[in-house]
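**Student:** Protein sequences appear in the order of chains A and B.
Oh and the first sequence: position 137 is 137 in my numbering, straight run, nothing missing.
Just add 205 to wherever you are in the second sequence, counting from 1, and you've got my numbering.
Because the hints were derived from the structure by calculation, they are not lab data.
There could be a bad hint or two in this list.
Pair ranges (Cβ atoms, derived) [to be verified]: (1) B/236 to A/55: 44 to 52 Å; (2) A/127 to B/411: 20 to 28 Å; (3) A/4 to B/271: 44 to 52 Å; (4) B/347 to A/56: 33 to 41 Å; (5) B/249 to A/165: 20 to 28 Å.
Among the chain B residues that face chain A by a calculated CB cut under 10 Å, a handful are [claimed, not checked]: (6) 290; (7) 320; (8) 407; (9) 410.
Ideal Cβ placement from N, Cα and C applies to all residues, glycine included.
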Amino acid sequence: MADTKISNLTQAASGIGTQEFAINEAGTSKKITLDQVSQFVNSSGVHVSLASDATANGLTTAVRVSGMDVVVGSGTYVFEYYIRAQLADTGNSPKFAVNHTGTTTSFMYDFFFPDAGTAASTGAIDQEVNNTSGQIWAFQATRTKNTLLGPEVSVDTANADIMFRITGLMVVTVSGTLELYQGSEVAGNLITIKAGTCLVLYKTG
Amino acid sequence: MAGPTISSLTLASAGLSADEFAIEVSGVSEKITLSQISVFSSSGTILKSLSADEAPTSAIAMVRVSGMDVAGVASGMYTFEYYVRAQFAAAGQSIKFAVNHTGTTTSFMYNFQYGCAASTASTGSITQAQNTTAGRVWSNQSTRVKNATLGPETNIDVINSDILFKISGMMIVTVSGDLQLFVGAESGTSGNITIMNGTSLVLKKVG
Chain A
1 MADTKISNLT
11 QAASGIGTQE
21 FAINEAGTSK
31 KITLDQVSQF
41 VNSSGVHVSL
51 ASDATANGLT
61 TAVRVSGMDV
71 VVGSGTYVFE
81 YYIRAQLADT
91 GNSPKFAVNH
101 TGTTTSFMYD
111 FFFPDAGTAA
121 STGAIDQEVN
131 NTSGQIWAFQ
141 ATRTKNTLLG
151 PEVSVDTANA
161 DIMFRITGLM
171 VVTVSGTLEL
181 YQGSEVAGNL
191 ITIKAGTCLV
201 LYKTG
Chain B
206 MAGPTISSLT
216 LASAGLSADE
226 FAIEVSGVSE
236 KITLSQISVF
246 SSSGTILKSL
256 SADEAPTSAI
266 AMVRVSGMDV
276 AGVASGMYTF
286 EYYVRAQFAA
296 AGQSIKFAVN
306 HTGTTTSFMY
316 NFQYGCAAST
326 ASTGSITQAQ
336 NTTAGRVWSN
346 QSTRVKNATL
356 GPETNIDVIN
366 SDILFKISGM
376 MIVTVSGDLQ
386 LFVGAESGTS
396 GNITIMNGTS
406 LVLKKVG
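Pulled out of the complex, with its shape left as it was, chain A reads as follows (with noise of 0.2 Å):
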């Protein structure tokens, strides 16, 4: 390493995975790269989001939002899902489920979306509800992972965003990948989980 002071050296056109820092770990002189210093970084807070529409999917079953895996180490977690997502039908309804193909040892989420509903949910799903009583933010939960939630009962626009939330705590003992899985109520009746729809991870422990 050259004898000058850092002002002096060639800023670097962009950061790269590549480059390589000059570190003291425990009194041993060391490089670190800076795809390893993004890795810490990102390790308490992961940012992941749908760059374009998954492909519409119409089966009851449920199948992998690939665009939304994200690789999940040993650690405590908690995880917010943003979806947005359209439906074809309006007797239609999503269902939905999360999972971390690893090991857990405590596994929780609870699927959130608006309800038409003023004295109960219904089950009838609605993202233009503004009455002054308000309406019902209705859920549905589980304590164990992959476990589909949904479906429900209807939406009320075809072809129009709706926003679901999932939020989550898992502690992972075992690495693995975190999944979104999304199925369909009716057969046949498409839906579409949207560009843009993200996920925010915090690793808290």
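With the hints as your guide, set chain B onto chain A.
**Tutor:** Chain B alone, transformed into the frame defined by chain A:
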């Protein structure tokens, strides 16, 4: 800085929080840890979780979940999200929560939320296993006063099984203090409540 080329150094197996980098600050050589870089990159997000179960409690009086303390939450605006993993020894027991900041705050609000087993009303029957087509009511208790006890409710669905509770809040801090989570039981005789390992906090400094 004289010495070997960086490429000739041994590659670290992974980034560690205590790894130190040489930096220059306004012409002065200093060092910075990978942990400091991470905090900067995460825009002030503090993540916390319980690494072991808290001691079970059936005390009606509020007990601090000390493993969730965040010391020295300084002046600024914050949002916080608690993800509480809890288990109950008795189905007839329910839970109370409070969030406190030991410094000075000019605004402090939080909402405690849980899955209710009913579809036609919020009944206080807590469930973590619910999958009816109608869905069920996501219930809420809330306050605008810090350290206010929210709860109890009525009961839970299954004993000795995980239940996920959420506490969402925001606060404006003017004098630094500790952020604290408190828990209490509905009844001192109905059985223990355990705040389980994995219980997590996402605290974001937003201003």
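**Student:** Please write out, lowest number first, the hints stated earlier that are contradicted by the structure.
**Tutor:** Violated: hint 9 alone.
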